[in-house]
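Protein chains in written order, with my numbering: chain R, 16 to 135; chain L, 78 to 467.
What the hints contain is simulated information worked out from the structure, not anything from laboratory work. For every residue, glycine included, the Cβ atom is placed at its ideal position computed from N, Cα and C. It is possible that some hints are incorrect.
Residues of chain R placed beyond 10 Å of chain L at every Cβ, according to the derived structure [stated by the list, open to error]:
no.: 1; residue: 18
no.: 2; residue: 46
no.: 3; residue: 58
no.: 4; residue: 72
no.: 5; residue: 111
no.: 6; residue: 132
Listing some non-contacts, in silico: residues in chain R with all C-beta distances to chain L over 12 Å [stated by the list, open to error]:
no.: 7; residue: 35
no.: 8; residue: 44
no.: 9; residue: 52
no.: 10; residue: 53
no.: 11; residue: 57
no.: 12; residue: 59
no.: 13; residue: 61
no.: 14; residue: 74
no.: 15; residue: 80
no.: 16; residue: 106
no.: 17; residue: 110
no.: 18; residue: 115
Simulated restraints on C-beta separations [claimed, not checked]:
no.: 19; chain 1: L; residue 1: 262; chain 2: R; residue 2: 53; range: 36 to 44 Å
no.: 20; chain 1: R; residue 1: 26; chain 2: L; residue 2: 163; range: 57 to 65 Å
no.: 21; chain 1: L; residue 1: 262; chain 2: R; residue 2: 128; range: 28 to 36 Å
no.: 22; chain 1: L; residue 1: 259; chain 2: R; residue 2: 77; range: 39 to 47 Å
no.: 23; chain 1: R; residue 1: 59; chain 2: L; residue 2: 262; range: 50 to 58 Å
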Amino acid sequence: MKKVLVVDDQAEMRRLLSITLGNDYEMIEASNGEDAIAMAQLHKPDAILLDVMMYGEFDGLQVLSRIRKSTLGQQPLIIMVTALGQAAQSNKARELGADAYFIKPFSPLKIIHWLSQKLG
Amino acid sequence: MNLTLNAALLEKLAEGVIVLGNDGRVTDFNRAAVPWIKACQERAAEIDALIRQIVVGEVQAPVSIAHLFRASSANADIYLCKSGPKSFAVLIATRQAGPAAIAPPQDKYQSLLGEDFRHELSDLRQLLDQDPAHNGPQTSPLQKQSNRLSRLLVAMEQLCELQRSDIGVYARQESLQTMVQEVIADLPTRRGDYSINTELSSKPDTQGTLYGHVEWLKVAIKGLLLGIGEGAPTDCQVEIRVRQNGGFSVMTGNFSSAFSKKKSAPVPETASDAILSTAADIRLAICQRIVALHGGQLRVVGMEANTADRHPRGIESFTLTLPTGAPPQGHGLVDCAKCLYPQQAELYAQDLAFLLPRQPVGAKVSKEELECISRITTSAATYEYSNAAP
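Could you put the whole structure together from the sequences, leaning on the hints where they help?
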């Protein structure tokens, strides 16, 4: 089963995404950027759902940048999930290597379909 | 001028009709009258005085009351008429285009609370589990899809829980009457005819207010009224009473005479034979969800059974009353519109609605629904489902 890492400082959103996707994927959760980077290295997930706005040392864009620069071997798909709908943020995420950008509130079906298309 | 009004006739009238009780309060109106409701309520005292004069024979109906609506009646003839032994009506005949009517709907909601989806899903999964012959490569995608839907439902339940746990934090004050008007104006279909009975004093600052998840409640009420609209007979009427204390009631059916006279219905002999008369009955589940989220009471009156087939014919009417009160001490009021949870819940609901179509009206009722309805209609003539406000 493919692994998906959910990174969000809101426990409710992590739980929501884990429930939504938990039937099709093995779900791993991280509540901040530091843990996310460590868990990405440890578990080597196939995809990461990454919140942009997070408390702590790293926000989502910094985590994205660090993971893309790291030598993880096969790079995971990274989906940014954010309440920020500005085009500038979206463009920046794309420049840093994000594969998709979902704005909260998101359609769970869109995330499911997107992941199933990319991960199979 | 004598008027025999029913919802279907009202709806066809190009002129506005506002039906009043003998105390001058608005009890019904048609679509064309919507822009005039507010002005009519503002002039309730004068209209009431005129009604008293008509009752004692001092004034002969119909009587022109255009002078009461000076600001908005430049292009309309407005009359106060008798519409029945104890009711009156305001007729508005516009000479040109009147004030803007109800705005066209921007979106369409399906059931938001997942009860019927859940039953369909449970039936499907039961079928797949019971018959091993059905479990094969062909049914694997079906099973996967049903599991996926179950996940979405669980996620939506989680969102509902979040609503409830955060009710004190994401709270604001809003006029219930305004809220209900907005919801009705946003409905894409109106098979039933909705009326708003404010039961308020003439002081505008004493209007009912709600403290809680206003946006979520709007969505829930919209789902409720949509359910009634789709399933109800064409002459169905819905009355929404906004109370002085901020609660409101939703009633369907022949509400003018039905309450307190109906007997309970017997338990059906077999669940599978029972047919609900209207899908409006299933909206009971939505009411229960609203009560669970907001507190209040749900009172249901069972429809009299046909003794020949001994099956309940559904629920005659129900009253949903939501209590309101001051927000909890120590909580700052946060703008609810910025809360993502109701919006997220809507998207989950829309996805579910997209994946699973609604049951047609008159479809067989699930066992759980039937048990719920049977319990309600047999335990007493009326059943109160109550839940303390969180």
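Okay, the hints, checked on the actual structure:
no. : hint                         : result
1   : 18                           : holds, 17 Å
2   : 46                           : holds, 17 Å
3   : 58                           : holds, 21 Å
4   : 72                           : holds, 25 Å
5   : 111                          : holds, 24 Å
6   : 132                          : holds, 15 Å
7   : 35                           : violated, 5 Å
8   : 44                           : holds, 14 Å
9   : 52                           : holds, 26 Å
10  : 53                           : holds, 27 Å
11  : 57                           : holds, 26 Å
12  : 59                           : holds, 24 Å
13  : 61                           : holds, 18 Å
14  : 74                           : holds, 18 Å
15  : 80                           : holds, 26 Å
16  : 106                          : holds, 23 Å
17  : 110                          : holds, 26 Å
18  : 115                          : holds, 16 Å
19  : L:262 with R:53: 36 to 44 Å  : violated, 52 Å
20  : R:26 with L:163: 57 to 65 Å  : holds, 58 Å
21  : L:262 with R:128: 28 to 36 Å : holds, 34 Å
22  : L:259 with R:77: 39 to 47 Å  : holds, 42 Å
23  : R:59 with L:262: 50 to 58 Å  : holds, 53 Å
The structure is inconsistent with the numbered hints 7 and 19, although it conforms to all the rest.
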